[in-house]
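Asks: For this one, chain R is given, so just place chain P on it according to the hints.
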Amino acid sequence: MHRPVSRAFFVLFIPIFWAWSSCADKQQEVIRSFYHWQTTLDLSTEEIQELSSLGVHDLYVKYFDVIWDEEAAQPRPVAKLQTVQVPDELSIHPVIFLTNETLEHLDMDGVNDLAWRMCKLMDQIHTGLSKDPPAIIQIDCDWTAGTRDKYFQLLKQMQTYKRFEETIWSATIRLHQYAYPQQTGVPPVDRGLLMFYNMGNIEDPDAAHSIYDPSTAEAYLKQTDHYPIPLDAGIALFSWGLYFHHRELQQIFYPLYADELLKESLFTTVDDTHFAATGEGYFRGRFVQPGDTIRIESMSPELGLKSAEQLSPYLHDHPLSVILYHTDPVILQHYTHEELDSVFSAFE
Amino acid sequence: MKNWTRSFPLLSSLLILFPAQTGNSCGWFYDDDEISYRPYNQYIIDLPEWAWFYYSAHALDFGDFTDTPFDYNLYSQKEENIRFWSDYYQGKYAEAFISEMVYADPSDLKQLWDDGISKKKSQKWSNPLAQRWQKGEGLNELKYLLFAHEVVPYVQELDWWSNETQDLETMHILQEQAVDLEAQENDPGIRQRYAFQAIRLAHYAGNFDDCLLLFEQLAKNTASVNDLYWWCLSLKAGAHLRKGEFASAAYYNALVFEHSRAKRQYALRDFYIDSDATWQQALSMCRNEQEQKTLWLMAGYKQPNAAPMCMEALLQLDPAAPELELLITREAEQIQREYLPERDFGLQTDAPWLPPATSDRIARLQQILQAGIASGKTDHVAFWQCASAFLYFLSGDEASCDAALAIASKQAGNDERMQWQITALQTLNTLRSVDHMDASVEKKILPGLKQLVKAPDMFGYDAYRLAMYKLFLLNIEDPVRAEICMNQAKYTDPQAIYLDYPVDEMIAFFRDKNLSPMDQFLHDVYSNQLPDLLDMKATVQMHYQQWEAAKATLQEIIDGGGQVMELYADPKEIHYYDCHDCDHMAFEGHYDKMDLCNDILSLEKKVEQTTGEEKAEACHLLGNIYYNISHFGNSWMATSYYLNTTFFDYYSWNGDEHIWPIADDDPNSVFDNTKALFYYDQAAELTRDREFAAYNVFLAAKCEQNMMYISGAPDNVETTLDYRTRFDLLRSDYKDTEVYLDAIDVCKYFAYYVQNY
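Residue numbers (my numbering), protein chains in the order written: chain R, 1 to 348; chain P, 1 to 757.
By construction, these hints were calculated from the structure, which means they are not laboratory data.
As the structure is a prediction and not an experimental result, all values here were calculated from the model.
Worth double-checking, as some hints may not be accurate.
Here are the simulated lysine to any residue pairs, SDA-like style, with alpha carbons at most 25 Å apart [claimed, not checked]:
#1 P:Lys243 x R:Val84
#2 P:Lys243 x R:Gln82
#3 R:Lys162 x P:Asp159
#4 R:Lys120 x P:Leu158
#5 P:Lys410 x P:Ala371
#6 R:Lys80 x P:Glu169
#7 P:Lys78 x P:Ser224
#8 R:Lys120 x P:Thr165
#9 P:Lys302 x R:Ala72
#10 P:Lys302 x R:Leu266
#11 R:Lys120 x P:Asp167
#12 R:Lys80 x P:Leu158
#13 P:Lys92 x P:Pro106
#14 R:Lys80 x P:Thr165
#15 P:Lys243 x R:Thr40
#16 R:Lys80 x P:Lys92
#17 R:Lys80 x P:Tyr272
Stretch-level coverage of chain R by chain P, calculated; a stretch enters the list once three of its residues show a Cβ under 8 Å from a Cβ in chain P [to be verified]:
#18 71 to 81
#19 123 to 130
#20 217 to 226
Beta carbons are placed, not taken as given, at the ideal position from N, Cα and C, and that holds for glycine.
Okay, chain R solo, but in the shape it has when bound (with noise of 0.2 Å):
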């Protein structure tokens, strides 16, 4: 006897396939970050509720930075974080930056004793702002072949520190890291944090972008199929000067925009990036003479959304986060909430 459909696979059947295809069309879940780079952690009224309006509750910041002290022999933390207000709806993640020199000093008892010096220096400030270890570190180190071995070896050895046995590890990696992970290690973390900026070569005057490259980011992009470590996103929004003196880059204004220097009288415009020295005089601290340039590298909204759109396609480690990197206000000035949105949203 022919039996019709059972009413329940119209019961059952529908709903779970609504269910998947809505499933299907869902968004990909991204945390929305910031970094916050300054030595003070004081935001405004207005900054956090923009951030919240945003939907960021995550904030990187940065503890201190470990660079190598030539005096002393020894590896010296500065920029250390200072007055700290700790708003209530952020979530605050430490970030420690280490120059890769330090590593080269170090030998690997060294390393394992600077190791202990920065968790123990790391919880002694995270322990001002919440009585919670931290949910995440994140180390940022720009290692090389050289130093490899001991940079694995020093996160290694931070993962013992036993107030931190919890906590999420992420490094930073660069894409050259990430293109070549064969040559260059993958850090022995939970998460990587790909920084995709700072791709080209700074010092080359003739450079156009060194931020940011398409083509460059491109190429690096598709050297991997797959990262061995779950990656997030960090995406820059800033704009800096780079100085040349006789072709030599002699330092880096940060932040600078362009239109400062269009008020400047001791420069003149070159084209929409580059500006030449007409006399000699002080600028921001630096005796600039003629002939003396500076190339604004800017990452503006169009780019910083290019950027994000470019990168999406490879990060498929969700829950992903994404962390602009940073919140000065000098910055974000120059973004719409509109527009810092859509970087974010270009992930989801």
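Replies: Just chain P, lined up with the frame of chain R:
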């Protein structure tokens, strides 16, 4: 949005871009200040108090690396403080006594206080200051010292790796105590010291407004009391800096720089001009010409790009200003670094020697020098003329260079250092136009060269090296003269290239009794002399196993009164395990290259002429010798000069790692062990002594292992087994021997082989 300038964003990950000039890092390379040849000597200007400032900031941090010693005490804070106290006591007490008391342990000072109050002596002091206090005299001084010691922990740098901050509350209490004590004190000198402590505490607590106010109230009018005033002013300058008041900070730092040697470095460090407006404001604060001069000096020092402008301004103010001469010295040094070649790598045989350099920078400095000279008001005429001559030399203007040097020489008189500089520049200038060598050219330049080779310091020596490099280029077709000139220019090591060295030509040159004056000079300065050259020849012959010929050459050394080079061990000795240092330390006899030649020749003869055990023994000994004179043995220095393979052309570099060469069957290669292997095999075959045979098989296995290393074959099981035939033989035929058991014990490779294959 907030004013971002409120906080100083410091350099961060994006901004730390330049690799540091790591002169003190793991590997060795030249310091910033010595990276290029420097024939122009900064020290020809005699400003000992500013000697530190001739060079880069690196010299400030790490001190003098040249031959001329700095007087570090000139800049010592401790020394300056003692001088302040000595001035306070009007020279009544020796500085050693003052130092002992000022830096005494606080517990001793406390005891002296108690003694002074009770007029009792708890212990005997030979220090007259201590005795004075024990008598109850000058107790206000002691009271101050006790207070100062109490302050010290609060003004010291805390542990970098701690987030601890200073106890600001206690610091504020101490600050107020200092103010009260200052008000209660009658003695102006001690009052000033309390004022210093109060200002210091406010500064270190970050209360910069308080710091400035306290200076105004307590220290402003104390310049005549004691030079400690300048330390107070240094704190004031620092407070202005941290408040972002750069003009005031710069101005006051300039005053501190001028008056306090100990604070000079800090004043320079903190000197910062952010804009033209700040600069004009700082200049407007100057009360007299001297203050202006110091300000111009510091601006020109801190920003080398600003130096020409600052020198021009100083020239207008006072052509005789030592500040101007210091900037000239530094600018000439900067130009020198920019245009002269880098050490070792900068002298290229395919480039012209020091091509004339022209630039706005050189032209501008020359204009300043000419203007100064023309004014007739400069104090050190020789210095100005010499600096000008140096720039003319760089520019290739030989005639102007000569003219300036002539005046400089006349003015320099008995100033040896200046005369040296003049000689160096004269010699180099003469060489510039020389394009070929002949007797007249040699006669012209030889006197200068003879002076320069006796250089008293590295600057003179750099001039000599540059001169010799020019001579190398002029003699490039002549292997002997080219070799000697290059050796002097770049401190080459002839032994490093002994296999490609023109040894016969060099020996002939060194045997020539009729050398020209120039050739005699070259003969005398060369790093190797005849015995060394004969040794090199013999080593080459030994390298190619020409033992008879080597013997004859070594005999020439002996006949000439020289000594044949000793080896560190007897290469006839061998062990299971190679330990060169062990062999060298254990060796007590004498064994030299001649002994080696004799041994090889006699043993080879024995091999030819004997049989049985005697032949086996001879083969074994020859195996030992050929093993030990290879790269792998304890007498490697018999046939080469360096164990470090970077001196050989035997390997290649693929960008990542050194690759051992593929074995090319070269029996003369220092890595070759085939001959040793042959003799060990012979010895094993010939002997009836099974232990001895087993031992030779093991030694042959060592040769096989070395052959595997240099084979360039992939490191895998198959390759390894190809080179384990003697291991296999040892196991299959000699398992019952003691040697077999010893080999397992001593050699992990054999033990592994036995266990796994």
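Asks: Against each hint, give a clear statement of whether it holds in the structure.
Replies: Hint-by-hint comparison with the structure:
1. Between Lys243 of chain P and Val84 of chain R, the direct Cα distance comes to roughly 20 Å. Compliance with the 25 Å bound is thereby established for this hinted pair.
2. A threshold of 25 Å between alpha carbons decides the hint, and for Lys243 of chain P with Gln82 of chain R the separation of about 17 Å falls inside it, so the pair holds.
3. Restraint check for Lys162 of chain R and Asp159 of chain P: satisfied, since their Cα atoms lie roughly 22 Å apart, inside the 25 Å limit.
4. For a cut-off of 25 Å, the pair hint linking Lys120 of chain R to Leu158 of chain P stands: about 15 Å separates their Cα positions.
5. Straight-line distance between C-alpha atoms of Lys410 of chain P and Ala371 of chain P comes to about 20 Å, which keeps the hinted pair within the 25 Å bound.
6. The hinted pair formed by Lys80 of chain R and Glu169 of chain P meets the criterion: a straight-line CA distance of about 22 Å does not exceed 25 Å.
7. Taking the CA atoms of Lys78 of chain P and Ser224 of chain P, the gap is about 21 Å. The hint holds against a cut of 25 Å.
8. Taking the CA atoms of Lys120 of chain R and Thr165 of chain P, the gap is about 15 Å. The hint holds against a cut of 25 Å.
9. Restraint check for Lys302 of chain P and Ala72 of chain R: the C-alpha separation of about 23 Å stays at or below 25 Å, so the hint holds.
10. With a CA separation close to 20 Å, the supplied pair Lys302 of chain P and Leu266 of chain R stays within the 25 Å bound.
11. The straight-line distance between the Cα atoms of Lys120 of chain R and Asp167 of chain P is roughly 21 Å, inside the 25 Å bound, and the hint therefore holds.
12. Restraint check: the Cα-Cα separation between Lys80 of chain R and Leu158 of chain P comes to about 13 Å, which is no more than 25 Å; the hinted pair holds.
13. Restraint check for Lys92 of chain P and Pro106 of chain P: satisfied, since their Cα atoms lie roughly 23 Å apart, inside the 25 Å limit.
14. Proximity of Lys80 of chain R to Thr165 of chain P is assessed by CA-CA distance (about 12 Å); at most 25 Å being required, the pair is judged to hold.
15. Between Lys243 of chain P and Thr40 of chain R the CA atoms are separated by roughly 16 Å; this keeps the pair inside 25 Å, and the hint holds.
16. The suggested pairing of Lys80 of chain R with Lys92 of chain P is violated, with an alpha-carbon distance near 48 Å, which exceeds 25 Å.
17. A distance of roughly 22 Å separates the Cα atoms of Lys80 of chain R and Tyr272 of chain P; the hinted pair therefore holds under the 25 Å criterion.
18. Counting residues of the segment 71 to 81 of chain R whose C-beta lies closer than 8 Å to any C-beta of chain P gives 7; at least three are required, and the coverage claim holds.
19. Counting residues of the segment 123 to 130 of chain R whose CB lies closer than 8 Å to any CB of chain P gives 3, so the stated coverage by that chain holds, three being the minimum.
20. Given as covered by chain P, the segment 217 to 226 of chain R fails the check, having 0 residues with a CB less than 8 Å from a CB of that chain where 3 are the minimum.
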